[in-house]
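Residue numbers (the numbering used here), protein chains in the order written: chain A, 441 to 765; chain B, 441 to 765.
Take the hints with a grain of salt, since some may be wrong.
Which copy? The list can't say, so a pair holds if one copy fits it or any two copies do.
Claimed, not checked - BS3-like mimics (lysine-lysine), calculated; alpha carbons at most 30 Å apart, straight line:
(1) 442 / 580
(2) 648 / 549
(3) 580 / 461
The hints are simulated quantities; they were obtained by calculation from the structure and are not laboratory data.
Protein chains: 2
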Amino acid sequence: MKVGILGYGNLGRGVEYAVEKNDDMELVGVFTRRDPSQVSVRSGVQAYHVDALETMKDAIDVLILCGGSATDLPEMTPKYAADFNVIDSFDTHARIPEHFSNVDAAAKKAGKIGLISCGWDPGMFSLSRLYAMSVLPGGKDYTFWGKGVSQGHSDAIRRIEGVKDARQYTVPVPSALDAVRSGSNPELTTRQKHTRECFVVAEDGADKAAIEKAIVTMPNYFADYDTTVTFISEEEMKRDHAGLPHGGSVIYTGATGEADGHKHVIEYSLKLDSNPEFTGSVLAAYARAVFRMNQAGETGARTVFDVAPAMLSPISGEEIRAHYL
Amino acid sequence: MKVGILGYGNLGRGVEYAVEKNDDMELVGVFTRRDPSQVSVRSGVQAYHVDALETMKDAIDVLILCGGSATDLPEMTPKYAADFNVIDSFDTHARIPEHFSNVDAAAKKAGKIGLISCGWDPGMFSLSRLYAMSVLPGGKDYTFWGKGVSQGHSDAIRRIEGVKDARQYTVPVPSALDAVRSGSNPELTTRQKHTRECFVVAEDGADKAAIEKAIVTMPNYFADYDTTVTFISEEEMKRDHAGLPHGGSVIYTGATGEADGHKHVIEYSLKLDSNPEFTGSVLAAYARAVFRMNQAGETGARTVFDVAPAMLSPISGEEIRAHYL
Numbered sequence: 441m442k443v444g445i446l447g448y449g450n451l452g453r454g455v456e457y458a459v460e461k462n463d464d465m466e467l468v469g470v471f472t473r474r475d476p477s478q479v480s481v482r483s484g485v486q487a488y489h490v491d492a493l494e495t496m497k498d499a500i501d502v503l504i505l506c507g508g509s510a511t512d513l514p515e516m517t518p519k520y521a522a523d524f525n526v527i528d529s530f531d532t533h534a535r536i537p538e539h540f541s542n543v544d545a546a547a548k549k550a551g552k553i554g555l556i557s558c559g560w561d562p563g564m565f566s567l568s569r570l571y572a573m574s575v576l577p578g579g580k581d582y583t584f585w586g587k588g589v590s591q592g593h594s595d596a597i598r599r600i601e602g603v604k605d606a607r608q609y610t611v612p613v614p615s616a617l618d619a620v621r622s623g624s625n626p627e628l629t630t631r632q633k634h635t636r637e638c639f640v641v642a643e644d645g646a647d648k649a650a651i652e653k654a655i656v657t658m659p660n661y662f663a664d665y666d667t668t669v670t671f672i673s674e675e676e677m678k679r680d681h682a683g684l685p686h687g688g689s690v691i692y693t694g695a696t697g698e699a700d701g702h703k704h705v706i707e708y709s710l711k712l713d714s715n716p717e718f719t720g721s722v723l724a725a726y727a728r729a730v731f732r733m734n735q736a737g738e739t740g741a742r743t744v745f746d747v748a749p750a751m752l753s754p755i756s757g758e759e760i761r762a763h764y765l
Numbered sequence: 441m442k443v444g445i446l447g448y449g450n451l452g453r454g455v456e457y458a459v460e461k462n463d464d465m466e467l468v469g470v471f472t473r474r475d476p477s478q479v480s481v482r483s484g485v486q487a488y489h490v491d492a493l494e495t496m497k498d499a500i501d502v503l504i505l506c507g508g509s510a511t512d513l514p515e516m517t518p519k520y521a522a523d524f525n526v527i528d529s530f531d532t533h534a535r536i537p538e539h540f541s542n543v544d545a546a547a548k549k550a551g552k553i554g555l556i557s558c559g560w561d562p563g564m565f566s567l568s569r570l571y572a573m574s575v576l577p578g579g580k581d582y583t584f585w586g587k588g589v590s591q592g593h594s595d596a597i598r599r600i601e602g603v604k605d606a607r608q609y610t611v612p613v614p615s616a617l618d619a620v621r622s623g624s625n626p627e628l629t630t631r632q633k634h635t636r637e638c639f640v641v642a643e644d645g646a647d648k649a650a651i652e653k654a655i656v657t658m659p660n661y662f663a664d665y666d667t668t669v670t671f672i673s674e675e676e677m678k679r680d681h682a683g684l685p686h687g688g689s690v691i692y693t694g695a696t697g698e699a700d701g702h703k704h705v706i707e708y709s710l711k712l713d714s715n716p717e718f719t720g721s722v723l724a725a726y727a728r729a730v731f732r733m734n735q736a737g738e739t740g741a742r743t744v745f746d747v748a749p750a751m752l753s754p755i756s757g758e759e760i761r762a763h764y765l
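Next comes chain A alone, as it looks inside the complex (with noise of 0.2 Å):
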């Protein structure tokens, strides 16, 4: 199957990684907003400013789309749903109800799939959700991030005066991730179930006590929680916070049996050395599966709670039946 890449920042750069790990996929091409003779692809594949789609509609089978949840997904996926099977990491959890139908309308009516909302969380966490509450109805679900690095809690922090760089790791606390382990279910505040860790490089003669100030009282970002920020130089930053790991566990709790006295602890996790080439990883199997539901004469949109698992694997039905079952 042949695939184009939309955007070629981190998560464009992971999914070309991925689908080289595919050997039923070929990147056509990576297409670019900016000047594409500026932007130097790693695997060779040829750059193409993004007009360039216009003309190479029989030349992609599904385009994995790279942008911005915020701006450009709830824009791009409708857009380019309407010549091209796409797949998309759009995670603004609250307005997936409205960008789904606005891609199920361009899809359909193009005849093409348009998966959204692919990744980890969104994505494998939320198939995580899904399946521990379909078995197990009526228990209580927990997600942890961390440790890992947010690119958004990362960004707030450069937009504060006198910041000249800053790293936000977000942290579950070890004492919240046990209580739910031993299936007590408690009740946890957002203060004990993450603490937000922040290193921050200062501009020179900044007031470091006001930087510190405007980050722990930030609403939203970081007020809530229990928010540790360390000076560190530019080397320092470089050096120790250059790499964007990831991941997180979901853990889902149920009971069976008479007066509920079985108790059930069901927990996924994830451990990511690189958040944005695991969520490419999960883009490239599922674009598989687009292109599959698309042969098959499917149309429209779809997540993830949509894809019946086998639909992601290059192995035949048979063999994975014989070796994986």
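Following the hints, position chain B against chain A.
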């Protein structure tokens, strides 16, 4: 949807509890090869002799088969797939292809769905393996079982002369689990992955040394493991080993990026107070999918790999997307 349970042992009772938890399901009856007047069904639902199924083809949407894999299911599942949508927990891995093909032929001919090998392993663990290897091709998967009671191993001990009762726990080796979780991809022998703890009630005057030797040297079951044997009283057995807990972990490690420099660890784990009740809960959720697939006109054999997760939930697609994605 109307559900029938065929076989009323531990698993059948687990399914009965699960059906009660699902408001869209109604238990029509329990079917048994025993004299139904001797079978007391906990929920008060009627017990029928298995022959009564002949006359109840329209009264049951899905028949959940709770027989054993060794001799019951290879015959039972194709037989009943000729008249009912069926689901089983067939777990003899080597015979899955043959079983699938027998059920497929019968179910296709009858216009029914037969979903085989459902539960947690095969079942939820199989899904975890498939998802992980589809997302991160070329990685390595490890499955650890326990701590939990292995019925097969307990039965094997009970067949030894002088043994009155026995309970065998499969226990994963903590250092092996740690090594796998670290992402170091160790090569592990059978002995390095699990130990086996046996609790045995001996007959009065039995030769305990002989029993112990018979256990630890038993080929396939114990010879390849570090096995401990503890003799206990009947009272201790009843007091401390009445439950059927189980669980385990599927751990998958893969890599992405430049020279595979970024490692990722995916883990799915279960900690279950009651193995048969959890397995019964998985069967009930998949019974819903079986019914829906057949309602949509699908026929033939299926496994968990073929079922889109949304099919398992009583919640509408719209609600799932809005609240659980």
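Practice task
Hint by hint, work out which the structure violates, then give me just those numbers in ascending order.
Solution key: 2
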